[in-house]
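S.K.: Keeping their order, the protein sequence lines are chains A and B.
Its first residue numbered 1, the first sequence is counted upward by one per residue in my numbering.
Its first residue numbered 1, the second sequence is counted upward by one per residue in my numbering.
Among the clues, some could well be false.
[Unchecked claim] Straight line, CA to CA, 20 Å or less: simulated DMTMM-like cross-link-like pairs of lysine to aspartate or glutamate:
#, chain 1, residue 1, chain 2, residue 2
1, A, K274, B, D68
2, A, K165, B, D85
3, A, K249, B, E64
4, A, K274, B, D85
5, A, K274, B, E64
6, A, K201, A, E220
[Claimed, not checked] Stretch by stretch, here's where chain A covers chain B in the computed footprint (C-beta under 8 Å, at least three residues):
#, stretch
7, 12-18
8, 147-154
Everything labelled a hint here was simulated from the structure, so no lab data went into it.
Predicted model, so just to flag it, every value in this text is computed and none were measured.
Ideal Cβ positions, reconstructed from N, Cα and C, are used throughout, including at glycine.
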Amino acid sequence: MYRYTDIDQRMIEARVAQFRDQTRRFLAGELSEEQFRPLRLMNGLYIQRHAPMLRISIPYGLLASRQLRKLAEIARRYDKGYGHFTTRQNIQFNWPRLEDVPDILAELATVQMHAIQTSGNCIRNVTSDHLAGVAADEVEDPRPYCEIIRQWACFHPEFSYLPRKFKIAVSGTEPNDRAAVKIHDIGLYLVRNEAGEVGFKVLVGGGLGRTPILAETVREFLPKADLLSYLEAILRVYNLYGRRDNIFKARIKILVNALGVDRFREQVEDEWSKMDRAALRLDPERIAHFRSFFAPPAHERDAPPLDPALLEADRNFALWYRHNTVAHKVPGYRAVFVSLKGYGRTPGDMTADEMDAVADLADRYSFGELRVTHTQNLLLADVREADLYALFKALDALGLACANIGTLTDMICCPGLDYCALANASSISIAKQIQAKFDELDYLYDLGEIRLNMSGCINACGHHHVGHIGILGVDKKGEEVYQIQVGGASSHDASLGRILGRAVPKAEVADAVGRILEVYLRERRDGERFIDTCRRLGSEPFKQAVYGAVESAA
Amino acid sequence: MSRLIKDRRPVAEDPWHSLGADEPPPEPERAVIVPAERFEAERALWLARPGSLGVRIGPHCGLEPVLDVLDRLALIAIEFPTFRDGRGYSYARLLRERHRFQGELRAVGDVLRDQLFFMARCGFDAFELAPGQDVEAALAAFEDFPYTYQPAADGPATAWAR
Ligand code: SF4
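Isolated chain B, as found in the complex (with noise of 0.2 Å):
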């Protein structure tokens, strides 16, 4: 069982395949998450594969690597290096509501569940859990709050319906 969440539901097996720095490249066809530096070294050989690509963008990169080539990946996942940092909220509005970027946004790193309701937000549909947490209690974190107070990738704020 993978700690994957994805649409508000546990996934068995994760289909994307995450690509370490150093690591040989996979086969063709498979779907791989490549870290974004690696990605920016060898851009078209990424593009050029066959299999569903994905990126992996750092806190510190930003969205500079993947801007331009949005309509080819499937996937981006943002890395939470810890809970604490903030940033990646700011990048998946980004990607959601300027870039309208429409594939998979993934919250990767320390993952944890009770950011989930803002990462869902704030246009993240699936969660790679941090170790050690518990995927189906997590699930219930969707539901912490009944309204918004603010709009964001989610849509207008529903508290302001009047």
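One chain only, chain A, in its complex shape (with noise of 0.2 Å):
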């Protein structure tokens, strides 16, 4: 991963002085509210339902296992002893306190972590595919662009006020998308064009929340070198004609969609033409040296294949390396994932001593690194096949081992009510509600895979419009109720889910998705998976077997 020089890390330093200044000149009366909200949010601080809630970066996923041991000691220090990973790949704790989050920035720059824009209407944190690098389908690594885009965006003098929020992600694969690239401000392909150069598709103007939208494709080849201005010619574009007066109008997407897609590209075009380009330009050498730091661990040479008779004899092990392994591009090894989806588990939260524990396992099977991925899970991205039975067994004793990987209860699950302020419902014990009921592996097997997103409101952070089933919550004469959709993906086919019908009571949630599995189970052809019985189906049968034949009629 990225090593950080002294610059950077007198950089994060810096930022750790400024934040402690500006929070010191807060609570002495010199900031109003008002001018210090932008400043906290652009170190991860939110006020939020009990405490305030720090949002600490995950550059792209990758965590080395000093950095994770950190992190369990902040959640014990200043916290209540856990942390909640995000679909941005990043963490968040819920309980510090404002006068300590300075120290607690101070203690994560000594490992080179740091909350620096992972809230505001700045650029934030870079977000890509948790199997970069391993996976045999990508392009090329996405990694090395993921952080020269970080250094851009880091403290850009342009745009660190803009009207709104601003995500990019990047995928080395566009078939086989696994980093939601569409539902992104800003998306990134790594693509070969038909003179076999890599370079980047771009596509702008993606987003959920209260009006989702896909991303455009605005540019079908990008050659490598010009990234970064490109990226300021769209920034420039949106920060000068994005709107400012409509909270919710203010995503690029309603500026891309007011436009029109055609005209954005024009204008970004124009903008891009007159820019000097030369200033931002990635020479090879510029390439090369990010892409040093992402070059592969030394992987064992001729590392020996699992040994098929564990499999045979232990039916556990053989179902989690079934569910929760993924194939490597290097024979001998697997990717393997940490589940944080088990029953009865909040999804994505993670205690202190768990940490330290996958830590160990980290220094112990793959290579001392971790990945966080968008659905809320751990990655141990570099492990021998010959070691997978050990590293099963570990994580079977810290009940991380649940066989659930791409199943219906690897629920994407936003923290709710439990913790946030905008929240209408409590997804989490929604969450729990559906693992109860479907807490047997086998029904969850035959289902096969299935996505389950779950946002607490309207902001979406729990991807509800891209879950093959979405379920969000909403407020109804102060009654929490729940609507329900289908048909939203997120990968490269992606589309948004159909809402149903009428919202569900809180009891009720749980048995409706039962329904809705039942339709799926029941017109199912060869091989068809929910999301395509559902494509070719329609949203029709689904919504009767919710709402029964008469109510869908009305």
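Taking the hints as your guide, dock the two standalone chains into a single complex.
M.R.: So, in structure tokens, the structure goes:
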């Protein structure tokens, strides 16, 4: 992973000093709440339901074991002993005290971590594919470009007071997009053109929230050298022309929609043609420099394959192997999910003890590195097949080996009413209701690949619009009720789900999901995933199953 | 004492007169900053004056009113109606980097200490701080960060120099 230079280290330390002074001036009454607000947000600090919430940046989900240990230490010392991993591959702490935040940031800086631009109307943490550098299907490893973008975006003087937040995602593969690229303000796919050169396909204007829109293609092929100048052109057009009069219309997706993608493209290309592109050009040496940080770790040559007898001997291991590990491009290795979605767990939460234990496992089995997935699990990316059984046993003892990755109960779930000041609904208790109803692994396996996403309000942090099944908490005259939709997807073939009908009461959510699943089990054809059946049948049969034939006709 | 900072130093007395929308023009030799709308309506008049001329640009009107007279202007003031409105940063960079404006570029309006570092990087060299801001204390903001990660009006990224 990227290694900080002295310059990088001094920059994050300068940031800590700056924020310490800002916090001091706020507490002394020299900065008003209104003046302090964007400053604290750009350091990840929200004022929440119970206490402030601090969101710490995990650049494109990459984490070293020593960093995870530091997070554990912070969880113990400043929080209630746990943290919450988010769909943006970051971690949130829900109980720090405002006065302690400068000290927490200083602690983080000792392990090259920070909370820079994890909130606020600026360029946020760049996200990527959790299988970057591991999957055989990528055109190129996206992480060097994520790091290049991260540095360019860091303290960008022109783009720190944008109309609204701005999210960028990069994927090394378009057909197997695992980074939900199309729901980002800018989405980048590494692609190869007809001449065989590698560059970027540039998409703009995706986003969820109250107006969910999938990003549209603005440029089919952008040479690598021009990556930053092109991003700067897009951001400048947005900064100048994005709406600032209405917070709900301020994202770039609204600008792209208002202009139409063709006129938006013209404006970007016009701006780009006039820019001093040379100043931002990425020459091959610079790219090679950043790529050098992401060279594969020292994989063992001819690492032995897994002993198949182990799969025969231990059914639980076999299930875990099948569901919680994925192929690695290096023979003799697998990538291993650490499931944070086991029965009874709050999706995405992890205790300090678990963090320490998993950091040790990363040191022992995966070159001391981990990744956070946008589906709120962790991943050990480079595990020898010969070590899988020992790793399984260790994870199982920790309760982190629930073999449900990719299944219904591997849900994405935002913090909801339990923590979030904006929530209408308790997404976490619904998650537990669903876990309890669908606790039979064999049933989950029979259902196959399903993405269930849940948000506690229309802000859609839980990506409910792009879940195969999406659940949204809404407030109906003081009552928590839940809207259900089907047919969403976040990959290359991204689509937005369709709302089935009126929201259902809290106690009935899991039953409604059960009736939706019955339709699938009854109607599916050979090899069809849930989403395929959904697309073939449309939403009508699901609607009828949930509400009955009479009501859905009304 | 004014609340003006120029070239990172406090300015005791602002040599410029900032003209209101309906205010009568000052004596011809006086350096004056004219609101963009008024400048557009009375261009010939203002350009004919012997005194130094500046134009104040609001975030809505953009750079159109000044682009063809940049060499006649000794100052452009860019207004920040609130410090959260970031359009002024782009205007400043465009004026400096694309249009090579050499005169004084002054940030006016809701100009606060915590944005000075970024404003300076975008090409502002003068800052009329909002009421209540401590000018002396604000000077420290220009030293907030020791390096830069991206080129801007102040030159190439210093963190990139390996
Ligand atoms: S979706 Fe709503 S409730 Fe959930 S974390 Fe986001 S803002 Fe909070």
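S.K.: For each hint, tell me whether it holds in the structure or not.
M.R.: Results of checking the hints against the structure:
no.: 1; hint: K274/A <-> D68/B; in the structure: 17 Å, holds
no.: 2; hint: K165/A <-> D85/B; in the structure: 13 Å, holds
no.: 3; hint: K249/A <-> E64/B; in the structure: 26 Å, violated
no.: 4; hint: K274/A <-> D85/B; in the structure: 24 Å, violated
no.: 5; hint: K274/A <-> E64/B; in the structure: 16 Å, holds
no.: 6; hint: K201/A <-> E220/A; in the structure: 5 Å, holds
no.: 7; hint: 12-18; in the structure: violated (count 0)
no.: 8; hint: 147-154; in the structure: holds (count 6)
When each numbered hint is compared with the structure, violations occur for hints 3, 4 and 7.
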